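Enquirer: Read top to bottom, the protein sequences are chains A and B. With my numbering, letter number 157 in the first sequence gets 157, and the count goes up by one each step, no holes. With my numbering, letter number 121 in the second sequence gets 121, and the count goes up by one each step, no holes.
Honestly, the hints are just simulated from the structure, not real lab data. Values in this document were obtained by computation on a predicted structure and should not be read as measured data. Nothing false has been slipped in among the hints.
Calculated from the model, a selection of chain B residues having no Cβ within reach of chain A, i.e. all distances over 12 Å: (1) PHE105; (2) LEU136; (3) GLY143.
The calculated label-pair distances, taken between Cβ atoms and stated as ranges, are: (4) B:GLN147 with A:GLY171: 52 to 58 Å; (5) A:ARG232 with B:SER53: 43 to 49 Å; (6) B:ALA84 with A:ALA33: 22 to 28 Å; (7) B:VAL116 with A:PHE235: 43 to 49 Å; (8) A:MET166 with B:VAL101: 44 to 50 Å; (9) B:ALA97 with A:THR158: 53 to 59 Å; (10) B:VAL116 with A:GLU184: 19 to 25 Å; (11) B:ALA84 with A:GLU184: 45 to 51 Å.
The C-beta atom is built at its ideal place from N, Cα and C for all residues, glycine as well.
Next come the chains, spelled out residue by residue.
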Amino acid sequence: MRQVSTRSEERRKARQGGGSDMTRFYWVLAAVAVVGMIVVGYGLSGGGSAATEPVDLAGVEEDMGALISLAQGITLGDENAPLTIAEFGDYQCPGCREFSLGVKPQLDFAFVQKGLVKFVFYDFPLISIHAHAFLAARASRCALDQGKYWEYHEALFTNQSRWAGMSEVVGTFVGYAGEVGMDEDEFGTCLRSDKYADVVTANMRLAMELGLTGTPTVMVSQGQGMARRVQRYDFPSIQAVVEEMLAQGGN
Amino acid sequence: MTADLRPPANRMAIALLSLAGAFVAFYLFAHALGWTGPIVCGVGDCATVQASSYAKVGPIPVAAIGLAGYMFLLGMALLGLQPAYAASRVVSGALVAASSVALAFSAYLTYLEAAVIHAWCQWCVVSAILVVLIFLFSLPEVGRLRQSPARGHP
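This is chain A alone, in the form it adopts within the complex (with noise of 0.2 Å):
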């Protein structure tokens, strides 16, 4: 009898002890509830502004040589070409728009397409002026990504006058992307992104340690020599500096 007591008795210990694990365990249980959703709420709520404005360079922009590294512009043309013709652009200035699909055509028809020049864009985005134009200049490269970089260049500058007065524009940028042929989701992940922050911002920085104030600037430069900045940036003023230099020796 006294042998039967004491085994119900430690089956009772045991069920309370097993009773107040459990409660531990959905203490805990609930803790990592909690913590879960405040860091996936961090996450829902977008977690950072980087993808829209500059970022930390962590260094880079001390070091002149590590920051023209980062700052790749984007090519148009013959590498090998005498001359460089390099614009600082925002894609979302009226007057780089009327460069883009104005001036630009005329100086790919008359210099790129012949092997004489090679065109170069950097991204200078104005963000002080402009809330999109370095959302803007990430999405291009995104588009780069998907071997479409020019074709979405000219649907941003096509476009300017739509997107730029939006408040949002995210899903405008997909969506244009969608039109040139792109894979919109694989585009959306990568503009949803930090994705070349960092390179947009070394682009800005390098425009900054020249001393450009402004876009459209047209630079004009042979091999590594001196870049000549063309004052207007028209097609007969560029053509002009152009055929000097090539006059005096670019090809």
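Following the hints, put chain B in place on chain A, whose structure we already have.
Expert: Below, chain B without anything else, positioned relative to chain A:
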């Protein structure tokens, strides 16, 4: 001799780890659906990994598969903590099978990050670590499976 009525600690651990994993998978799934802003990624290059073609199996984001897996493991572990299912071979078998599949899938994804995509996503690494731990905590279930089936339990 007293029957061990305490809830199996390994199942508690699996439940906790699975819940944590479910949050990680849900975050990546939400990002795949475009519900989030830029992916929070202090370490590695999550954007490259998430933008790669390996982030989906057909039309299904890998994160959705992960979320379903973690929810299944969580459900089984919680079920196995109920006294009526403490000796259930179905629960033990499900935990061993699901954690083994998860380990194999996670190893494949980690290989892709290392050898194919050449980029790491901190969330994927966290998930891989969670899966390894879940697998280790599921090993005692193998012993339970080897025992003769308890009467009254499937």
